[in-house]
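There are 2 protein chains.
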Amino acid sequence: MDGSHWLSMRPVAEKLAQNGHKVVVLTAESSLSMNGSDLYTALTYSISYSKEDLVSRLEMFGSDHFTPSYFPGVTITMYNNMQEVFRIYGDVCKSLLSNAELIQNLKDEKFDALMTDPFSLCGTILAEYLDMPTVMFLRGMPCSLDFQAVRSPSPPSYIPRMLTTFTDHMSYSQRVINSLLALVESMACNLLYAPFAHMASEFLHRDVTVWDLFSRASIMLLRFDFVFEFPRPVMPNMIFIGGINCANKKPLNQVETKLVNSSGEHGFVVFSLGSMVSEIPMDKAMDIAEAFRSIPQTVIWRYTGKVPSNLGSNTHLVKWLPQNDLLAHPKARAFITHAGSHGIYEGICNAVPMVMLPLFGDQMDNAKRIESRGAGVTLNVLDMTPEDLINALDSVINKPSYKENIQRLSALHLDRPIHPLDLAVHWVEFVMRHKGAPHLRPAAHDLNWIQYHSLDVFAFLLAVLVTTFFISFKCCTYTCRRCCGRKSRPKSKSKKE
Amino acid sequence: MDGSHWLSMRPVAEKLAQNGHKVVVLTAESSLSMNGSDLYTALTYSISYSKEDLVSRLEMFGSDHFTPSYFPGVTITMYNNMQEVFRIYGDVCKSLLSNAELIQNLKDEKFDALMTDPFSLCGTILAEYLDMPTVMFLRGMPCSLDFQAVRSPSPPSYIPRMLTTFTDHMSYSQRVINSLLALVESMACNLLYAPFAHMASEFLHRDVTVWDLFSRASIMLLRFDFVFEFPRPVMPNMIFIGGINCANKKPLNQVETKLVNSSGEHGFVVFSLGSMVSEIPMDKAMDIAEAFRSIPQTVIWRYTGKVPSNLGSNTHLVKWLPQNDLLAHPKARAFITHAGSHGIYEGICNAVPMVMLPLFGDQMDNAKRIESRGAGVTLNVLDMTPEDLINALDSVINKPSYKENIQRLSALHLDRPIHPLDLAVHWVEFVMRHKGAPHLRPAAHDLNWIQYHSLDVFAFLLAVLVTTFFISFKCCTYTCRRCCGRKSRPKSKSKKE
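So the sequence lines, in the order shown, correspond to chains A and B.
Position one of the first sequence corresponds to residue 1 (my numbering), numbered consecutively onward.
Position one of the second sequence corresponds to residue 1001 (my numbering), numbered consecutively onward.
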């Protein structure tokens, strides 16, 4: 997985290499963010897209979310975008699997384990082919596929489905919607991932389902914890490593240090919409710049587009910013974020209250989680006026409850017996040492749907109950007829005759 | 909780004290195993039983399990024994709660947290009264009360109920029995614990249910892991500290060292039936001694009864033995145990294959778990002949699979990022620092049974479905009648008229 998904896998790969393991990172030639490293070996394979291709598609994907549209247009756009993303994943995967020389090399290496982000199922197909124990590394899957794969129950009564922006306390009508989604979600995601199952079946020369591919995970390293996610049933092979991306802290450079130190008593605000969105439409940029002019804080804004003409002197545009390091500075007052899971955790780790402008994917749900904890304010980037942004910033900076809540979340999150990076590395090494973690695989994997839900048992018990009731009823009516009934006597007599 | 339950709580109390906390241990005056310590303060309260009383009851309880009896006798004995144990717990609890001076002292202390084994619910009642965050410390509860209390789903299709000795792979008929038990278990345990709910309601001057008492746990420290227990859904506030009792290792004393060193190439066997059973009927003791005479290993047997006349020269009776330290010795070849959870984990930690003679409680289930992993053999202590014991010992000592399996389990169990004792201490301190762990409490606690299972939602969806079907059906029949029916026309005409 390329892009932001790779950001928190990289430290794990590096730490494994530092621990003395040989680490090979499979990278598409035109990768966006998977650069080489001195610590691990990068094996590249050619794909049919150039880096410029990918960047322009990404920009298109980003800018789509700044075009106001409502139902059903917004859903169609989202679906088309998802389809496009999955088409690219599929093409990249085909390039990898058809690279016979590379595959043979990988086979010859006899690796101990494979770590993959299953958002694209390509790594899992490879693991199946090379018969390697698999560690999955992810924030979450659409349609609860991750929880389904490890057979973790997800009662729809308090576990909100993805993209609903519900919390764990739902109204009756929300529970109805959530239950309906729970009924159809696995079908929907099977459709989305069907091309991968097809590719796997072709590559492995046997029938493979999406379910088969997902459920081969020995360990799932999940990039969240229950400070952020709502508490819910989990399985013993799910390891929670939320905040793993806060590990790599570096001191600010001279320019950055000067900037934050000059921000005075009011401190500064960090603004980034993530690695996928560095430009936004000019009218929106001007609205935002307008808001920033009116606040007493210094603003550091990651933005590569044309400079808005109304940019205030307190607002500094940068092409890239060390987000986690800036947020760790004691003068950081607020974090304006698209609510990607990495950013959210950097906000939590450093106890900086957030103004969230979610754009796509899980970002709306992420924002809802922080908002429901009183640690941030969500705005709709399409509708918001400069005043909305000013008010939101004023609230999170000046109302004590936001700071108190994010500090509470931060304290809970940071109070753990082992750092998430060390935990992740431990479990990858565990899988390497023990060739998987079969002792954590529930017997539920060996049951079909009917058996798992005990429907065959309940059918039998129901049959026994009905039969018992029926026989008792018949016995009673027969006894009644024998004792009280007079009219039936002649009949039974005539029968005997 | 007294007896063996206290064995693994004590190191946690001591470590907390070593970390600088003030630790107060509430102890009944005639406690069996809760002696004082330099590290913590022991606060005692008087009870209506003398130590001799308790010991004689315990001995009676132990010897009951050596009287051959079959269904329904065995069930009646078990039930009577449970009732007796719970009656004593109840009496002890009454003594504590009615000790006004002690309770006031505890109130004045303003503790940060209370750690309790909820097998007796007395600690929980106290926590409720003193409004203290609670850490529960346990191996497991009858009737899955622990899992129910934290709202952890337990599908009966692969999660065997207590006392069934089923594994996670059940036959159809076993699944039927297991599902029936799942249906009635909560009722059964509510009955068993009802006196505590009654006592709590009286003491707290409001209605309190068993459920209320159990579900106040901020953290549950569970004395098992998934090397031993079958993998299953769990909740984020369940922390698994199996093997915590292996922490305290001491070197063997001179006598012990001489004994194990003199055992020669065949090594030695450790035999103990736990802290509750140190004497057994003479005929059984002679059978066992007879078996031991015929094996080449040295046997170290914890036994305080009359010496069997046929005792072999290779068999050494001791009043007490450092079980974990002996099992850690490289010459330990087998462990004959009653399959209590502490003993089982000492066998796993030290990779010693086991011959298991389960007697009561969860011991049959524990034995089944080890047997199903191929790391031990279970015998029925009542039926077994000397030959059975000889054969079982021969298998676990000389068949390589038993040693290999226990070594595999041991390696999996010991390969963890943090020692269970440190993990337990971390979570107690976490609860102290944050006044509980409310972020780990699932919203399921705020739903009633119907809401949790979405029965109200499904009733609505069913009603919608039926109504839609009914209206569609009516529309169809009406249309059909209008289009095709001739006979109905005069009727409708007459109606209009």
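These are calculated hints, taken from the structure and not from any lab test.
Given the structure is predicted, the values throughout are model-derived calculations rather than measurements.
Be aware that one or more of the hints could be misleading.
Estimated spans, in silico, between C-beta atoms of each pair [said to hold, decoys possible]: (1) A:N190 - B:F1469: 52 to 60 Å; (2) B:Y1079 - A:L191: 22 to 30 Å; (3) B:K1474 - A:L461: 31 to 39 Å; (4) B:F1469 - A:W211: 45 to 53 Å; (5) A:M82 - B:D1207: 46 to 54 Å; (6) B:S1401 - A:V464: 36 to 44 Å; (7) A:R482 - B:F1469: 41 to 49 Å; (8) B:L1204 - A:D415: 25 to 33 Å; (9) A:L461 - B:A1463: 22 to 30 Å.
Glycine included, each C-beta is placed from N, C-alpha and C at the ideal position.
Practice prompt. May I ask which of the numbered hints given earlier this structure violates, with the numbers listed in increasing order?
Written response: 1, 2, 4
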